Amino acid sequence: MSKKTPQAIRGTQDIFGADAEAFAFVVETFERVRRLYRFRRVEMPVFEKTEVFARSLGETTDVVSKEMYSFDDRGGESLTLRPEFTAGIARAFLTNGWQQYAPLKVATHGPLFRYERPQKGRYRQFHQIDAEVIGAAEPQADVELLAMADQLLKELGINDVTLHLNTLGDGASREAWRGALVEYFRAVAGELSEESQERLEKNPLRILDSKDPRDKPFLADAPKIDAFLSEEASAFFAAVTSGLDAAGVKWVRAESLVRGLDYYRHTAFEFIPDEGSASAAALGSQSTVLGGGRYDGLMESLGGAPTPAVGWAAGIERLAMLVGAREEERLEAMVLVEDDAGLGAAIALLADLRNGGVIAEIMATGSPKKRYDKAVKQQPQHILRVNATGYYGISGEGPTDRIVAALNKTSSPRT
RNA sequence: GCGAUCGUAGCUCAGUUGGUUAGAGCGCCGGUUUGUGGUACCGGAGGUCGGGGGUUCGAGCCCCCUCGGUCGCCCCA
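The first sequence runs 4 to 418 under the working numbering.
Incorrect hints may have been included.
Claimed, not checked - Simulated restraints, written as ranges between beta carbons of each label pair: (1) Gly307 to Asp248: 25 to 35 angstroms; (2) Gly113 to Thr392: 21 to 31 angstroms; (3) Thr392 to Ala281: 48 to 58 angstroms; (4) Gly396 to Thr15: 46 to 56 angstroms; (5) Ser68 to Glu194: 38 to 48 angstroms; (6) Asp163 to Glu70: 27 to 37 angstroms; (7) Gly79 to Ala223: 50 to 60 angstroms; (8) Gly113 to Gly20: 40 to 50 angstroms.
Hints in this document: simulated from the structure, not taken from any laboratory.
Quick caveat, the model's predicted, so the values are computed rather than measured.
We treat Cβ as the ideally placed atom computed from N, Cα and C, and that holds for glycine.
Start from the sequences, fold in the hints, and give me the full structure.
As structure tokens, then:
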């Protein structure tokens, strides 16, 4: 490449053509489904004060400790490009007094930023669709949210992923379980992988889904969350699962499923491609396509009143990979200018077609003798030929009704 | 942050044990032909072989550094 052309930033993408169509398809489908469930559209800032994320995600999480794009603005304030949606939405909920709309169902989508090593299905600027229910303590909110996720995936044509579901219990259950896990793993700490020894201090729950062979022998007998669940927490989880059954959402229990961010409580879930499926192959080493959970403790960490909430997010790029490349819309009418003297007439014709809702293009450049070939290569359904005297003929396949209708709308007929 | 692997025209790639002016297909531009649903043929433009340094009489091929892609670990969506 030329020395003078700056390169794109590592981990960013320039999405084009069939891939861009797949991306748009994911977003359009999400927009449609979200309306069915009456989730309200919100637009959020791309950056926030650093503390919005640092306080809600947890200082020791990888995202906060080494993956955020943080910088001081010209006023000396530390700002951060959003690494996720939930914290910003929670902040907006508090600062805008959205409590008045509770329970509030909102949906959004857009770019997120995380300083990670790029990989298949993982980028530094990536995009998510996101749905949150804020101010709803009842398990029905979890069920509705998961039903929406399930329907979205089906409408995208993704049928080989399954909902993996777990509960982390309420705050007390979670802490008790965590304590028991630390105690259990500390006894065998010397035999664990280096990573898990580190996780023992920072995030012991994560040891449970370690892939390291040195850790695996200890995982099966590790303390289970079920033993620590309070009566309320069990009842909550039971209500979620029976609700899912009633809604026809298939799920499997994943006892070792935990989430990386500190704010999660109760329900935690991920939609994961089935082993050996086409989707699993398409995603490479990234397994989660949609994930989320309940975050009843988050509002307090931002200084708000205790407010129950649930939400999920899904990577648009990952969904687009599962959807596969999509065709761009077919060209209906190509206006072929065979003689430049007819250019004015051709432009008028083109305007009529487009005003009439016909997907149309014009071919009027290059060697006159090759224009026809170039027009044909774009595979239009019809070619409208224009010479010095104006529009004089149409050729092509299939009905011309739409084109004729568009042309009839004009007050000054040309033929 | 760690590991592996790759980096030659716009795209997909070939380039023999290091050896003259670095090639092909597609695409692009032009011409001839054809003459109306992707004709055929001819020609042309386009590469300081990702960048920098080194070894050598000589480097696209070897060594070092660096940037980037890909894949895995980690993390996550």
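- Item | Hint check, failures only | Structure breaks hints 2, 5 and 8.
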